[in-house]
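2 protein chains.
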Amino acid sequence: MATSHLATLIEALRRLPGVGVKSAQRMAFHLLQHDREGASRLAQALAAAVEHVRHCERCHTFSDTPLCDTCADPSRDARQLCVVETPADQAALERSGGYKGQYFVLMGRLSPLDGIGTRDLGVQALMRRAGDGQVQEVILALSFTAEGDVTAHVLSQALRAIQGPDGTPLQVTRLARGVPAGSELEYVDLSTIAHALVDRR
Amino acid sequence: MATSHLATLIEALRRLPGVGVKSAQRMAFHLLQHDREGASRLAQALAAAVEHVRHCERCHTFSDTPLCDTCADPSRDARQLCVVETPADQAALERSGGYKGQYFVLMGRLSPLDGIGTRDLGVQALMRRAGDGQVQEVILALSFTAEGDVTAHVLSQALRAIQGPDGTPLQVTRLARGVPAGSELEYVDLSTIAHALVDRR
Ligand SMILES: [Zn+2]
Ligand SMILES: [Zn+2]
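Here the protein sequences line up with chains A and B, keeping their order.
The numbers in our numbering rise by one with no breaks, and the one at position 26 of the first sequence is 50.
The numbers in our numbering rise by one with no breaks, and the one at position 162 of the second sequence is 186.
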């Protein structure tokens, strides 16, 4: 139990979200007893990710390159910009097959109680991105939770002040409330997401 | 989402026990967004543990050195040998303060359904350890589960054939059933463990 490398490993595993001391022990024992190759692979994957994964300059999602694959794809509709909270939410929208525009990934949502404000979410970067002269519509694909609603409200207020291509205001929409209230977007089934995209208002 | 280093990291995290694809995503996003230092630390801890953590030659627990601290401690009673399933179980016994002898850590328990037999648990090594001419009593501190009961039965059968210091058979005991049946030892409260140690039969 008291070997220092094992104790250090358990302590390091506890920094993972949702992992307490018992889970960390189990993980460490499992890796050392049954899956040292998995442990080495995880060590390498962590080091490589820390070294190489940065944020896309345009949409802020994780990317190995300055511009992510989606932003660099000329076949995507530059007139639509979909704002999501996380890369997992973006992936869920992509799997729904209902959207062909561009994205902006907030990497979180406004949460005054946790001290997450507009600066932490890169709202200024979103304003610049939405005002590029090509974007006509911004779709707020945020969770229908209290924090998601606050985020949507703040963003739509700010976005409506931005001018679109013809000097007209940006159109700001939100996913239709076909998405069950109180749920996290990434857990919603794909047909519901596709439906909510069509019904956006 | 589709950056290759991120995908590799998520895949590597999924090899941790109890971690599905959603948890792995959350862990990866959390580390890359909020705790890159924690990610680097975990990478180093994993690599160091894989390189340095071996098994103690005498008791089989994890150890950075050939002999673990407990086995190397001359103040421990060499006449008692306590057999546990995991280092976590050993730690629980130590915290109960009711035991001052030596240990043997099986690193598992017999589980025919999972293909874990006597060879996987190093039962031969336990027989050699118990027959060192100093051990008089072997205490089987195994979980009171079906698998723990099978393990205890098989081990006590084998251990009773081994001679103690005076040519007399080893005394083989098991923790008293003060431990709630069906429970994992590491989750039992300490006073119950201490009580069960006194009442061993
Ligand atoms: Zn991008
Ligand atoms: Zn030892």
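Check before you lean on any hint, since a few could be wrong.
It does not matter which identical chain is used: a pair holds within one copy or between any two.
Stated by the list, open to error - Straight-line C-alpha distance at most 16 Å; calculated EDC-like pairs for lysine to aspartate or glutamate:
hint : residue 1 : residue 2
1    : Lys124    : Asp97
2    : Lys46     : Asp97
3    : Lys124    : Asp101
4    : Lys46     : Glu35
If you're looking for bench data, these hints aren't it; they were derived computationally from the structure.
Taking the hints in turn, this is what the structure says about them:
In the homo-oligomer, the alpha carbons of Lys124 and Asp97 lie at most 16 Å apart inside one protomer (10 Å), although the nearest pairing across protomers, at 67 Å, exceeds that limit. Neither within a single protomer nor between protomers do Lys46 and Asp97 lie at most 16 Å apart by alpha-carbon distance, with minima of 45 Å and 27 Å respectively. In this assembly of identical chains, the alpha carbons of Lys124 and Asp101 lie at most 16 Å apart only when taken from the same copy (6 Å versus 72 Å across copies). Taking CA atoms no more than 16 Å apart as the test, Lys46 paired with Glu35 passes inside one copy only; the shortest distance there is 11 Å, against 22 Å between copies.
The earlier numbered hint that this structure contradicts is number 2, and it is the only one.
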